[in-house]
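Undergrad: Modelling step: build the complete structure from the supplied sequences, incorporating the hints.
Chains as they are written, first to last, in numbering that gives the first Met the number 0: chain A, 0 to 308; chain B, 0 to 433.
Misleading hints may appear alongside valid ones.
As the list claims (entries may be wrong) - From the derived model, a few chain A residues whose C-beta atoms are all more than 12 angstroms from chain B:
#: 1; residue: I75
#: 2; residue: M88
#: 3; residue: D156
#: 4; residue: T242
#: 5; residue: N297
Claimed, not checked - If you anchor each label on the Cβ, the simulated ranges turn out as follows:
#: 6; chain 1: A; residue 1: E80; chain 2: B; residue 2: F31; range: 28 to 36 angstroms
#: 7; chain 1: B; residue 1: Y433; chain 2: A; residue 2: K302; range: 29 to 37 angstroms
#: 8; chain 1: B; residue 1: E426; chain 2: A; residue 2: Q176; range: 39 to 47 angstroms
These are computed hints drawn from the structure, not numbers from a lab.
Please read these numbers as outputs of a predicted model, since none were measured by experiment.
Virtual Cβ for every residue (Gly too), placed ideally from N, Cα, C.
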Amino acid sequence: MANLLEVQQATKRFGDFTALQEVSIRVPKGSIFGLLGPNGAGKTTLIRIINQITLPDQGSVYLDNELLKPEHIKDIGYLPEERGLYKSMKVGEQALYLAQLKGLSKKEAKERLKYWFDKFEITHWWNKKIQELSKGMAQKVQFIVTILHRPKLLIFDEPFSGFDPINANVIKDEILQLRDEGATVIFSTHRMESVEELCDHIALINKSKKILEGKVSDIKREFKSNTFEVGLLTENSNGLYDTLKDKFNVAPADFKTIDDQLKLKITLDQNTSSNQLLTFLSEKAQVVRFNEVIPSINEIFIKTITENE
Amino acid sequence: MSNLKLIIKREFIARVRNKTFVVMTFLSPLIFVGMISLITWLATLNNDEVREVALFDETGTFMSDFKDSDNIDYIDYSSLTLNEAKDSVVAKKLYGLLYIPNKGSNRVLAESIQFYAEEAPNISILNDIEEIIASKLTNQNFEEKGLDLNVIENSRAKVSIQIENFSGEKTSKMANYVKMFFGGAAGYFLMMFIIIYGNMVMRSVIEEKSNRIIEIIISSVKPLQLMMGKILGTSFAGILQFAIWVILGAVLLVVATSVFGIEPQPTGVGLEQSMMMQENNQEEIQLLLQDILKLPLGTLVISFLIYFIGGYFLYSSIYAAIGAAVDSETDSQQFMLPIILPLMLGIYVGFFSVIENPHGTVSTVFSMIPLTSPIVMLMRIPFGVPWWEVVISIFLLVGSIIFMIWLAGKIYKVGILMYGKKPSYKELFKWLRY
Numbered sequence: 000m001a002n003l004l005e006v007q008q009a010t011k012r013f014g015d016f017t018a019l020q021e022v023s024i025r026v027p028k029g030s031i032f033g034l035l036g037p038n039g040a041g042k043t044t045l046i047r048i049i050n051q052i053t054l055p056d057q058g059s060v061y062l063d064n065e066l067l068k069p070e071h072i073k074d075i076g077y078l079p080e081e082r083g084l085y086k087s088m089k090v091g092e093q094a095l096y097l098a099q100l101k102g103l104s105k106k107e108a109k110e111r112l113k114y115w116f117d118k119f120e121i122t123h124w125w126n127k128k129i130q131e132l133s134k135g136m137a138q139k140v141q142f143i144v145t146i147l148h149r150p151k152l153l154i155f156d157e158p159f160s161g162f163d164p165i166n167a168n169v170i171k172d173e174i175l176q177l178r179d180e181g182a183t184v185i186f187s188t189h190r191m192e193s194v195e196e197l198c199d200h201i202a203l204i205n206k207s208k209k210i211l212e213g214k215v216s217d218i219k220r221e222f223k224s225n226t227f228e229v230g231l232l233t234e235n236s237n238g239l240y241d242t243l244k245d246k247f248n249v250a251p252a253d254f255k256t257i258d259d260q261l262k263l264k265i266t267l268d269q270n271t272s273s274n275q276l277l278t279f280l281s282e283k284a285q286v287v288r289f290n291e292v293i294p295s296i297n298e299i300f301i302k303t304i305t306e307n308e
Numbered sequence: 000m001s002n003l004k005l006i007i008k009r010e011f012i013a014r015v016r017n018k019t020f021v022v023m024t025f026l027s028p029l030i031f032v033g034m035i036s037l038i039t040w041l042a043t044l045n046n047d048e049v050r051e052v053a054l055f056d057e058t059g060t061f062m063s064d065f066k067d068s069d070n071i072d073y074i075d076y077s078s079l080t081l082n083e084a085k086d087s088v089v090a091k092k093l094y095g096l097l098y099i100p101n102k103g104s105n106r107v108l109a110e111s112i113q114f115y116a117e118e119a120p121n122i123s124i125l126n127d128i129e130e131i132i133a134s135k136l137t138n139q140n141f142e143e144k145g146l147d148l149n150v151i152e153n154s155r156a157k158v159s160i161q162i163e164n165f166s167g168e169k170t171s172k173m174a175n176y177v178k179m180f181f182g183g184a185a186g187y188f189l190m191m192f193i194i195i196y197g198n199m200v201m202r203s204v205i206e207e208k209s210n211r212i213i214e215i216i217i218s219s220v221k222p223l224q225l226m227m228g229k230i231l232g233t234s235f236a237g238i239l240q241f242a243i244w245v246i247l248g249a250v251l252l253v254v255a256t257s258v259f260g261i262e263p264q265p266t267g268v269g270l271e272q273s274m275m276m277q278e279n280n281q282e283e284i285q286l287l288l289q290d291i292l293k294l295p296l297g298t299l300v301i302s303f304l305i306y307f308i309g310g311y312f313l314y315s316s317i318y319a320a321i322g323a324a325v326d327s328e329t330d331s332q333q334f335m336l337p338i339i340l341p342l343m344l345g346i347y348v349g350f351f352s353v354i355e356n357p358h359g360t361v362s363t364v365f366s367m368i369p370l371t372s373p374i375v376m377l378m379r380i381p382f383g384v385p386w387w388e389v390v391i392s393i394f395l396l397v398g399s400i401i402f403m404i405w406l407a408g409k410i411y412k413v414g415i416l417m418y419g420k421k422p423s424y425k426e427l428f429k430w431l432r433y
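TA: In structure tokens:
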């Protein structure tokens with residue numbers, strides 16, 4: 000798959016502080032790319048480099064195989080984490096203003112704004128001032144302004160903060176739809192459940208360096224430890240536990256069940272397959288649960304960062 | 000439309016639509032006129048007060064010379080004793096007691112006259128009294144020496160120098176005051192403009208920063224573009240306000256000239272006629288208006304615009320940098336010194352040095368230094384400045400504007416994305432290297 004965005008060996012220093020050190024990422028076309036990392040890791044600096052707000056000291060950025068240049072601004076839509084609008088300006092006026100700054104003509108901007116305002120049922124806000132709206136309402140306007148010029152690349156930094164669950168869902172569906180229509184999305188957040196739900200690729204940045212990047216499924220495969228959660232129904236729990244302990248690497252597990260069963264986490268070595276384990280278990284007891292433990296992105300995040308410390 | 004135009008338009012509309020702007024534009028000329036009337040009224044109010052001065056004259060010859068005026072009534076206490084007179088003055092709360100003792104010679108007398116008063120007396124009243132006594136004593140001295148007072152009076156010469164430049168144009172002595180007034184007013188207005196509009200630029204930067212809209216905008220436009228758009232948009236609002244004031248002023252001037260009935264061109268005939276006329280109020284105003292019309296009004300307005308725009312650009316880029324560096328207006332105070340100091344310096348040099356000697360070294364130097372030149376040069380221009388001095392001054396000004404915008408742009412670029420840091424000058428210096 001072709002990459003829409005490629006960052007190559009980007010380095011950025013502020014005085015003595017290195018905000019980004021030789022970071023490279025590849026964002027495939029049509030993907031939702033999660034940019035993860037603890038606070039202060041350098042995510043915002045990277046995003047600002049992609050937006051040409053800051054220039055990298057070294058390294059280069061390619062958008063659609065072209066070296067990033069000022070004309071690319073209209074190909075990118077950016078919803079920053081620190082976002083706001085002019086308080087005393089009318090909603091419609093400033094949406095028009097911001098859309099025109101992105102290169103849309105006034106007429107075009109008006110038509111598209113009308114479409115989105117109708118879609119979000121906020122047409123009656125047009126002549127209101129931002130200070131009359133709630134935070135969530137203002138966020139909707141910002142979202143519209145970000146996507147209005149139909150950019151190839153959308154960058155959302157914590158897009159769901161400030162939204163109630165219903166509106167967050169509306170925004171999530173819009174993001175997915177934009178992806179389906181061909182946009183590529185970079186998504187930076189600390190909410191791992193939304194990463195899990197939306198992203199197909201991720202990159203993890205810590206202390207100004209990239210420490211992990213790839214397809215979510217590949218990364219999970221890499222991080223899984225060949226561990227299986229099993230639930231066994233047996234008369235002789237203690238005896239079975241001892242037998243298994245001799246043969247495998249066993250730890251007690253904790254999951255919710257209806258019956259009182261023996262719950263275990265069994266980690267296999269390279270030479271044993273899951274079928275062999277299943278056969279072995281089914282001879283000793285009734286297997287009511289058998290599933291592979293796949294690490295969540297949250298777990299991968301915490302594990303990688305702590306190991307990196 | 001290009002982004003710079005869009006930004007300028009937005010800034011201009013945001014400034015002009017502001018209620019304070021509308022109120023300031025139409026109210027401040029009224030306030031200005033009101034203030035002048037108030038001050039004039041207060042001054043006359045003070046003068047209306049009639050002071051009573053008691054006179055204790057042992058010689059018995061002065062009373063006839065002290066004639067009651069609008070401000071002072073003289074009361075003869077000579078029939079009392081000195082102590083009684085003093086007590087009476089205190090009891091009646093009179094302004095003071097003038098004691099003229101009887102000394103044989105005028106020379107001794109001149110040095111032994113006393114004025115008793117609760118508070119230190121008004122200097123102009125003392126001067127009046129001294130003058131009356133001095134003239135009386137002088138006349139007495141003349142008579143003692145056997146000189147004829149009438150002869151002396153007739154031989155006294157009165158000199159009034161006619162001022163005329165080498166191309167034969169006559170001016171009145173009033174002209175210098177008119178020049179001072181126009182120069183001073185222009186310089187002072189410029190300072191007010193810089194402070195008011197510079198602050199507007201700064202507030203607008205802080206607003207974008209604290210609104211958090213800044214990052215959305217600079218993902219579409221370059222920070223320098225945004226800064227320039229802000230400065231330009233605000234300056235257009237300023238120029239609009241200035242234009243409205245000039246038009247209002249011109250209307251007032253036209254109304255004034257038609258009321259006092261003179262042609263708006265200074266003609267030699269008019270001047271001669273007016274000189275032949277009796278000295279009265281009407282004529283003074285007429286002369287004054289003629290002097291105003293004789294000023295290089297066009298040059299004055301053009302140079303005001305050049306220095307207004309130049310000074311404004313220079314200072315508002317500093318204001319923009321400060322706005323970017325701080326999080327709120329209260330934090331901006333610590334950076335105000337580099338703005339207020341040169342402005343005050345310009346005003347003081349203007350009022351003390353230029354008016355004294357418009358072409359002296361101090362005035363010339365300060366009309367060249369970019370931070371003070373807009374104000375000082377404006378004050379000098381009505382007195383006539385060689386064109387090459389103006390050219391050098393403008394050249395230096397433009398050069399430093401470019402440098403300052405570059406410098407401010409660097410600070411601005413870093414500052415607008417910095418939150419929660421209280422920057423010091425050292426920190427700002429570091430930003431220049433980012």
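Undergrad: Please go over all the hints and tell whether each is borne out by the structure.
TA: Taking the hints in turn, this is what the structure says about them:
Not every CB of chain B lies more than 12 angstroms from the CB of A:I75, the least distance being 7 angstroms, so the non-interface label is violated. Its closest Cβ contact with chain B, about 7 angstroms, brings A:M88 to no more than 12 angstroms, contrary to its assignment away from the interface. Under the 12 angstroms C-beta cut-off, the non-interface status given to A:D156 relative to chain B is violated; the minimum distance is some 9 angstroms. Listed as outside the interface, A:T242 is consistent with that label: its C-beta sits roughly 60 angstroms from the nearest C-beta of chain B, beyond the 12 angstroms cut-off.
Interface exclusion of A:N297 from chain B stands, the closest Cβ pair being 28 angstroms apart, more than 12 angstroms. Our hint of 28 to 36 angstroms for A:E80 and B:F31 is violated, since their Cβ atoms are close to 48 angstroms apart. Checking the proposed 29 to 37 angstroms range against B:Y433 and A:K302 shows it holds: the Cβ atoms sit about 35 angstroms from each other. Checked against the hint of 39 to 47 angstroms, the pair B:E426 and A:Q176 passes, with Cβ atoms roughly 45 angstroms apart.
The earlier numbered hints that this structure contradicts are 1, 2, 3 and 6.
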